[in-house]
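*Asks:* Fit the two chains together into the complex; they arrive one by one in their own frames, and the hints show the way.
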Amino acid sequence: MRLHKQAPWPRRLFTEIHWIRNLDAQAVIKRTRSITRVCLVLSLIIIASCDLGPSNRATGAAQQILHLGNGTEPKDLDPHIVTGVTEHNIISALLEGLVTEHPKTLQPQPGVAASWSLSEDGTRYTFKLRDNAYWSNGDRVTADDFLWSWQRLLMPTLAGEYAYQLYPIVNAAAFNKGELNDFSQVGISAPDPQTLIIDLAYPTPYFLSLLSHFSTFPVHKDTVLAHGKKDERGTLWTRAENFVGNGPFVLEEWRLNYLIKVTKNPFYWDQESVALNEIRFYPIDNAQTEERMFRTGALHIASSIPADKIASYQQNHPEKISINPYLGTYYYRFNVTRGPLVDPRVRRALSLAIDRQILVDAITKGGQIPAFSFTPPNTQGYQPPSGILSYDVGLARQLLADAGFPNGKGFPTLELLYNTSDGHRRIAVAVQQMWKEALNITIALSNQDWKVFLDRAQSLDYDIARAGWIGDYADPNTFLDMFVTDGGNNQTGWSHPQYDQLIAKAAAQADQSSRYKSFYKAEELLLNDSPIMPIYTYTRVQLMHPEVKGWLANILDHHPYKYVYIEPIAVNE
Amino acid sequence: MTATQLKSAHSNTDYDSYSLWREASYRLKKNKMAMLGFWTLLALFVIAACTPWLAPYAYESQNLALGASPPSAQHLLGTDIHGRDLLTRLMYGSRVSLLVGFAATAVSLVIGVLWGTIAGYIGGRIDTVMMRIVDILYALPFMIFIILLMVVFGRSFLLLFLAIGLVEWLTMARIVRAQVLSVRKQEYIDAAIVTGLSHWQIIYRHVMPNILGPVIVYVTLTIPSVILLESFLSFLGLGIQPPQSSWGVLISRGVESMEEYPWLLIFPGLTLSITLFSLNFLGDGLRDALDPRTAKS
Chain Z
54 MRLHKQAPWP RRLFTEIHWI RNLDAQAVIK RTRSITRVCL VLSLIIIASC DLGPSNRATG
114 AAQQILHLGN GTEPKDLDPH IVTGVTEHNI ISALLEGLVT EHPKTLQPQP GVAASWSLSE
174 DGTRYTFKLR DNAYWSNGDR VTADDFLWSW QRLLMPTLAG EYAYQLYPIV NAAAFNKGEL
234 NDFSQVGISA PDPQTLIIDL AYPTPYFLSL LSHFSTFPVH KDTVLAHGKK DERGTLWTRA
294 ENFVGNGPFV LEEWRLNYLI KVTKNPFYWD QESVALNEIR FYPIDNAQTE ERMFRTGALH
354 IASSIPADKI ASYQQNHPEK ISINPYLGTY YYRFNVTRGP LVDPRVRRAL SLAIDRQILV
414 DAITKGGQIP AFSFTPPNTQ GYQPPSGILS YDVGLARQLL ADAGFPNGKG FPTLELLYNT
474 SDGHRRIAVA VQQMWKEALN ITIALSNQDW KVFLDRAQSL DYDIARAGWI GDYADPNTFL
534 DMFVTDGGNN QTGWSHPQYD QLIAKAAAQA DQSSRYKSFY KAEELLLNDS PIMPIYTYTR
594 VQLMHPEVKG WLANILDHHP YKYVYIEPIA VNE
Chain D
9 MTATQLKSAH SNTDYDSYSL WREASYRLKK NKMAMLGFWT LLALFVIAAC TPWLAPYAYE
69 SQNLALGASP PSAQHLLGTD IHGRDLLTRL MYGSRVSLLV GFAATAVSLV IGVLWGTIAG
129 YIGGRIDTVM MRIVDILYAL PFMIFIILLM VVFGRSFLLL FLAIGLVEWL TMARIVRAQV
189 LSVRKQEYID AAIVTGLSHW QIIYRHVMPN ILGPVIVYVT LTIPSVILLE SFLSFLGLGI
249 QPPQSSWGVL ISRGVESMEE YPWLLIFPGL TLSITLFSLN FLGDGLRDAL DPRTAKS
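Chains as they are written, first to last, in the numbering used here: chain Z, 54 to 626; chain D, 9 to 305.
I should point out that these hints are in silico values taken from the structure, not numbers from a laboratory. Some hints could be false.
Cross-link-like lysine to any residue pairs, in silico, SDA-like; alpha carbons within 25 Å at most [to be verified]:
no. : chain 1 : residue 1 : chain 2 : residue 2
1   : Z       : K489      : D       : L246
2   : Z       : K317      : Z       : K570
3   : Z       : K128      : Z       : R509
4   : Z       : K489      : D       : L74
5   : Z       : K373      : Z       : R391
6   : Z       : K362      : D       : P270
7   : Z       : K504      : D       : V159
8   : Z       : K283      : Z       : Y187
9   : Z       : K230      : Z       : R177
10  : Z       : K274      : Z       : T248
11  : Z       : K230      : Z       : E285
12  : Z       : K181      : Z       : Y259
13  : Z       : K418      : Z       : R478
14  : Z       : K489      : D       : L62
15  : Z       : K362      : D       : L156
16  : Z       : K362      : Z       : D192
17  : Z       : K570      : Z       : P430
18  : Z       : K418      : D       : E68
19  : Z       : K418      : Z       : A606
20  : Z       : K128      : D       : I152
21  : Z       : K373      : D       : C58
22  : Z       : K489      : D       : N71
23  : Z       : K418      : D       : E264
24  : Z       : K489      : D       : S77
25  : Z       : K362      : D       : G91
26  : Z       : K373      : D       : E268
27  : Z       : K489      : D       : E68
28  : Z       : K418      : D       : E267
29  : Z       : K362      : D       : N71
30  : Z       : K373      : D       : S265
31  : Z       : K504      : D       : L156
32  : Z       : K418      : D       : P79
33  : Z       : K362      : D       : P78
34  : Z       : K362      : D       : E267
35  : Z       : K418      : D       : G86
36  : Z       : K157      : Z       : Q436
37  : Z       : K128      : Z       : T342
38  : Z       : K489      : D       : L95
39  : Z       : K317      : Z       : V138
Here chain D stands alone, though its shape is the one from the complex (with noise of 0.2 Å):
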């Protein structure tokens, strides 16, 4: 083979996964739910990275002799039972959970990935190691884990991701590692293999694009179940502690007093309901419109 082949044959990857991800965004577009579910989220963060502009109360200020209010002109969704406003609590709760929910899926995500994709490459020996660590690490209590984790380091919010991280990356390892072994075994790597690729090179431009549908979809169902993890941890008084607050937070005070002030539970919840089905949306979205298999069809 000579040097020019090659190079045309490089080209020739190159153009085709431009061609997927310009394909992908055409038909993510099209797909209307799936947007409805990115413009929610984009406008999610952006409220959450104003919010110190935005809101319209300072997120600790008490009016006591208020208490809990209904919803009103001047507090839109109404007070808690100290008085203070609940969308500006919403908001700045928003910059904790979705700072949590995606941060500790992405420390997650690396790990996972790379972990799973490891192991299920490489195979035999190896794979049987790197495996039976992650069945060690399953078979710890994870809240003990955390726990630990937490108590050795001290309390401090990066350090909340990083737990929770380091929790979460498990399953992730076994889903990747899954998928991986099956594209392993398809006829388009041996074809890569024999045409001189290198490995980094063959993980990189065959097995990750066929692995991706199953790895968005299992993040979109890691984000909401780490934001509730971590007011799990908060409710211990290893998260965040008041008067912070995070959408779980206040959730779990509306629940407190749920019959009595009901504004209080359906707000945050709301909130955090629409997050998720939108997060659900854009990952059904992107991993049908990242699916190599459906851009041939």
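Just chain Z, same shape as in the assembly (with noise of 0.2 Å):
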């Protein structure tokens, strides 16, 4: 032991670190002792860190401040470019547009408009807004706000993806393909501030609905122009100290990463009925972390759950969890642009030779119904055709060894991008040796930041990338618009003229029956060209504490915030 002395400094240190070499018995002791200290003092620290004070549902309660898991960080706040969900759900919050949605039953309902009426050809919408409808820095919301706003939507030099919601209105599909530089063309007029007149190219049963979409709601034009141009992407004019809305809240901190806080906005018209005194959205891309936070009351609301915890929240806490039907489909999208996917028939093959059922059953367990269709089935009365696409190896095989890959022989290694979840990580990993199984390829899995996966996917870099699609109001249109050529949300390259027209067509058409029957056969087509491989049907499985009221279960998971309250509860969890 006399070394010790000698040694140079990390001899000991390492020595002191390896005493278990030395069965010294006393050593031992007094070794064990003084780790029982560290132990004792580290568990206290452990503990006392603990009782941080009152969680936030108990803060929450008392204050009426709503805590609610919102998925990812946002790309982006402004309502023109962005398309997801978790946009949506802070955009909600900021901005309103003409009409609002019924909580419950989604039906339109007075929001910048107070009232409407539509001619009896039921093309002329003639709104009158209501004259206390504010902006946050205190100017009056007028006709001209939305004038501008959808003009700036339909700029082709934005290239907003959701510009087609604006294309039953006169003359805008041309505005936006850039065949038609004068918008004072397009259907759209605002003869005082208070009055504004939309000329519709056919009678278009949804349209109230797109008007509560975050797509066609207002931006403050000074706001705007004041960091940037009018056409110009990702400006500094959506910040927090710069940011100015019309919706029940206003922003008031952005933390990238950890945190998007709105408080009551006091300029919004109906400022009485809005019970909440603030939300704060938390960007939490990991189910298990939120599931953890929900569970020890730093959240309201979960936006997720992991898999494997259904089956047990269904059993021991009930009243926390419910699975409701969701408008949406859960789906891949092939980049048929580039690589074997250009053949219509390899792209049948991969989506033949994938077992919906026991994905559903097996891998999201939270009742999701296997797709054989992009428009979820019964969506407004349509049925989808069925009988396309089904589980069918032996003709997934045939297909492949049609367009030259006999036995995935020559087959390159495909692409699978995803966003960067444990959920569609494990859908990917389960489809990929679904893939290699029935078909002998190989696919490599990719995954990437929200942000990085919707750029790569809105310029076609990719071969197989997840996605999903949630309706944004309850009519085919909102599932099948979407792949008309070149449509911003297409993102698969995939364009076919007759899809377009029987799109077009079904839009012109005013009997329900007829319509549907345009929208079948152009789903049709879509589900035989296979740019897209449907994979569930969405539920929506959320996790909520029961002292949340007014947030009510709907298909689209529409939940407008001045309906929301929280009632007092005891503080003892």
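*Replies:* Spelled out as structure tokens, the structure:
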């Protein structure tokens, strides 16, 4: 042991660390004691740190602050360039369109427009704007704001993914495609600051629903122009210190990857019916973390739940978990512009080779329904074609062989892109193996952060990409019009003239059954050509503490915040 | 000095070093914990090498209908959520983890020891320059450094070793340099210079044996950290990709569902812990056994 004194410091240190070797009984006891002491102190610290005062649930109930898990960090808060549910959840607190939605039935309710009328032939809407609608800086919300905002959305140079939402308006499509440069020819006019007249190219039964979608929300002209050009994406006007909105809440704080805080807007016309003082959105893309925060009372509502925990919640806390129908489809996009996926036979082979039933039973576990069409069955009475897709490995092999890859021979390794999440990875791993076993082809998995993922999908920089589409309104059109040629949310490169015609024809038809017939034919084309591979129809699996009221289940999972409030709770959890 | 005398002096050193190694192995064999570590590691290596013949299932074959099942007669360590045999995946994972652990550490060992020895032995301005380079590299956020390397050179298994090794050698270089500095000042180095040994001979015969202890201990600490680093890289999508597995990946998957399926975390965690303990025991034993100063006492 003499050596210890001479040893340079690293050796002394390492001897200390590796004391187990020196089986000197006394020393061991002494050290065990000191370790016990350290453990004791540590556990005290842990216990002390656990008691950080009342939970978010308790303070939330007392002060009407709603804490929401919101999936991932939003791409932006500019309503004209975002597409995600995450962004929707925040924007619908900050901005308000001409109409709003009933929290349960989703029927149009007066928003910025106090009233409206529709002409006999169903093509001219006249909106009367309320005189007490204000922006959060005190400016009046006028018809010009809508005119300006919709022009912005339709500008070809902005390339808004959702621009096609306004296509029912006369000449809107032509303006968006750059065929028409004069915006005054588009069927929107504002004869006075409180009147907005919209001329539709054809009667559109779901048009009012479009107006409660965030893409048709107005933006504050001066604020946008103060931080960039009108058609510039990603400028600083959406930062917390700049944002001016007209919704029930104002953007108070935006800390990247940590928190978005919105507080009650004193200028909001209906602020008396807003019960909540504050909403905090937490971007948590890890379902485990989110569930843990929910359990400890840091969140009122979790946006997702790990599939493994669904069963135990249903058993132990049935009041906190709900599973509801959700108008949305989980699917994979195929990039039809490159590689073997150019061939529709290959795409169909991939789609036929996966067993959707076992995926929902064993992986997602939330009562999801295997999807063999893109539009969920029974969307407003519409029944999509069935029987085109199925689980048919034999046919899949045959199609792949016809395409020149018998038994997967010569098939290149394709990349399957998904945004980082355990749930998406599990499905991808299962699908990867199904394709391997059924078709003997190799797929590499690649996960990316949400913003990168969206950019790569939009610029067609992928082979196969995971996607999910939630209906924006209850009509098959919200699913089918996105695959028209160059549609902003098409993002597969797929284009079929006959499909475009059918969608346009459906739009022009007033009669519901002939409209649905056109949709049916269009969807047949879509499924046969398979630029996409539907996997399952979503269900909304949600964790919510029971004291949250006014948050009502509906198929779009829209929850207008002005109806939400928190009941007082006993502070013992 | 005559040629005969020189020769005898040399043969004398030869004899000494031979006896050092023999004595070291003798002392190592007496150290029970170290030998336990050694045999455990050897067993792990043999299993990893023979995995393709030993593994009960294919590592990627799924049984979704079975799903996650606890240990049973068919699946000794249970199955994961895709119904894949955990034992098989652990065995295949050990190939990746041990290979990355040892190969990347070897890269860092070679670079670090060379760099540190040269800097410490030559000293002066060269030492200053070399150590400032190390400082600069230290200042780079090492994750970004690795990601940059992987992005520039593409994703490959071989590069994974190299990238991790290239980052991990910095601490090694510092430790080695500090040791060399202290050894360099000893009288027997002066004596060796007086006897006319070349610098390389001095480094090889006198400096190296004296710094072996800390180096070996540090190596045993680097291997586990590299194994964990690999799992982090895989998580970021830069390391190995599914359906392949490594210990780190298995552990991070196990954490996802540790409340529902604890065996998915316990067994990979246990395997990694056993490996780390074995490495530490063996490293400790080697350090004591190889220390030339212990030999004389």
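*Asks:* With reference to the structure, classify each hint as holding or not holding.
*Replies:* We went through each hint and held it up to the structure:
Between Z/K489 and D/L246 the alpha-carbon distance is near 22 Å, which keeps this suggested pair within the 25 Å criterion. Distance restraint check for Z/K317 and Z/K570: the Cα-Cα separation of roughly 46 Å exceeds the 25 Å cut-off, and the hinted pair is therefore not satisfied. Taking the CA atoms of Z/K128 and Z/R509, the gap is about 13 Å. The hint holds against a cut of 25 Å. This hinted pair checks out: Z/K489 and D/L74 have alpha carbons roughly 19 Å apart, not beyond 25 Å.
Proximity of Z/K373 to Z/R391 is assessed by CA-CA distance (about 46 Å); at most 25 Å being required, the pair is judged violated. Of the pairs offered as hints, the one joining Z/K362 and D/P270 holds, with about 13 Å between alpha carbons and a cut-off of 25 Å not exceeded. Between the alpha carbons of Z/K504 and D/V159 the distance comes to roughly 19 Å, so the proposed pair stays at or under 25 Å and holds. At most 25 Å may separate the alpha-carbon atoms for a hinted pair to count; Z/K283 and Z/Y187 meet this at roughly 21 Å.
Simply put, Z/K230 and Z/R177 have alpha-carbon atoms about 23 Å apart, close enough for the 25 Å limit, and the pair holds. As the CA atoms of Z/K274 and Z/T248 are separated by approximately 18 Å, the hinted pair is consistent with the 25 Å bound. Between Z/K230 and Z/E285 the CA atoms are separated by roughly 17 Å; this keeps the pair inside 25 Å, and the hint holds. The suggested pairing of Z/K181 with Z/Y259 holds, with an alpha-carbon distance near 19 Å, which does not exceed 25 Å.
For the hint pairing Z/K418 with Z/R478, the CA-to-CA distance comes to about 15 Å; that is within 25 Å, so the pair holds. At most 25 Å may separate the alpha-carbon atoms for a hinted pair to count; Z/K489 and D/L62 meet this at roughly 23 Å. Proposed proximity of Z/K362 and D/L156 is contradicted: the alpha carbons are some 38 Å apart, above 25 Å. Restraint check: the Cα-Cα separation between Z/K362 and Z/D192 comes to about 48 Å, which exceeds 25 Å; the hinted pair is violated.
A distance of roughly 14 Å separates the Cα atoms of Z/K570 and Z/P430; the hinted pair therefore holds under the 25 Å criterion. Between Z/K418 and D/E68, the direct Cα distance comes to roughly 22 Å. Compliance with the 25 Å bound is thereby established for this hinted pair. Between Z/K418 and Z/A606 the CA atoms are separated by roughly 20 Å; this keeps the pair inside 25 Å, and the hint holds. With a C-alpha separation of about 23 Å, the suggested pairing of Z/K128 with D/I152 holds against the 25 Å cut-off.
Between Z/K373 and D/C58 the CA atoms are separated by roughly 50 Å; this puts the pair beyond 25 Å, and the hint is violated. Straight-line distance between C-alpha atoms of Z/K489 and D/N71 comes to about 14 Å, which keeps the hinted pair within the 25 Å bound. Among the hinted pairs, Z/K418 with D/E264 is consistent with the structure: their alpha-carbon atoms are about 16 Å apart, no more than 25 Å. This hinted pair checks out: Z/K489 and D/S77 have alpha carbons roughly 23 Å apart, not beyond 25 Å.
For the given pair, Z/K362 sits about 17 Å from D/G91 by alpha-carbon distance, which is consistent with the 25 Å threshold. Between Z/K373 and D/E268, the direct Cα distance comes to roughly 19 Å. Compliance with the 25 Å bound is thereby established for this hinted pair. Restraint check for Z/K489 and D/E68: satisfied, since their Cα atoms lie roughly 10 Å apart, inside the 25 Å limit. For the hint linking Z/K418 to D/E267, the alpha-carbon distance of about 17 Å falls within 25 Å, and the restraint holds.
Restraint check for Z/K362 and D/N71: the C-alpha separation of about 20 Å stays at or below 25 Å, so the hint holds. The suggested pairing of Z/K373 with D/S265 holds, with an alpha-carbon distance near 20 Å, which does not exceed 25 Å. A threshold of 25 Å between alpha carbons decides the hint, and for Z/K504 with D/L156 the separation of about 20 Å falls inside it, so the pair holds. Of the supplied pair hints, the one linking Z/K418 and D/P79 holds, its CA atoms being roughly 22 Å apart against a limit of 25 Å.
For the given pair, Z/K362 sits about 17 Å from D/P78 by alpha-carbon distance, which is consistent with the 25 Å threshold. Pair hint Z/K362 plus D/E267 holds up; C-alpha atoms about 9 Å apart against a cutoff of 25 Å. Proximity of Z/K418 to D/G86 is assessed by CA-CA distance (about 20 Å); at most 25 Å being required, the pair is judged to hold. Distance restraint check for Z/K157 and Z/Q436: the Cα-Cα separation of roughly 24 Å lies within the 25 Å cut-off, and the hinted pair is therefore satisfied.
Between Z/K128 and Z/T342 the alpha-carbon distance is near 21 Å, which keeps this suggested pair within the 25 Å criterion. The straight-line distance between the Cα atoms of Z/K489 and D/L95 is roughly 22 Å, inside the 25 Å bound, and the hint therefore holds. Restraint check for Z/K317 and Z/V138: the C-alpha separation of about 22 Å stays at or below 25 Å, so the hint holds.
The structure fails to meet hints 2, 5, 15, 16 and 21 from the earlier list, while all remaining hints are met.
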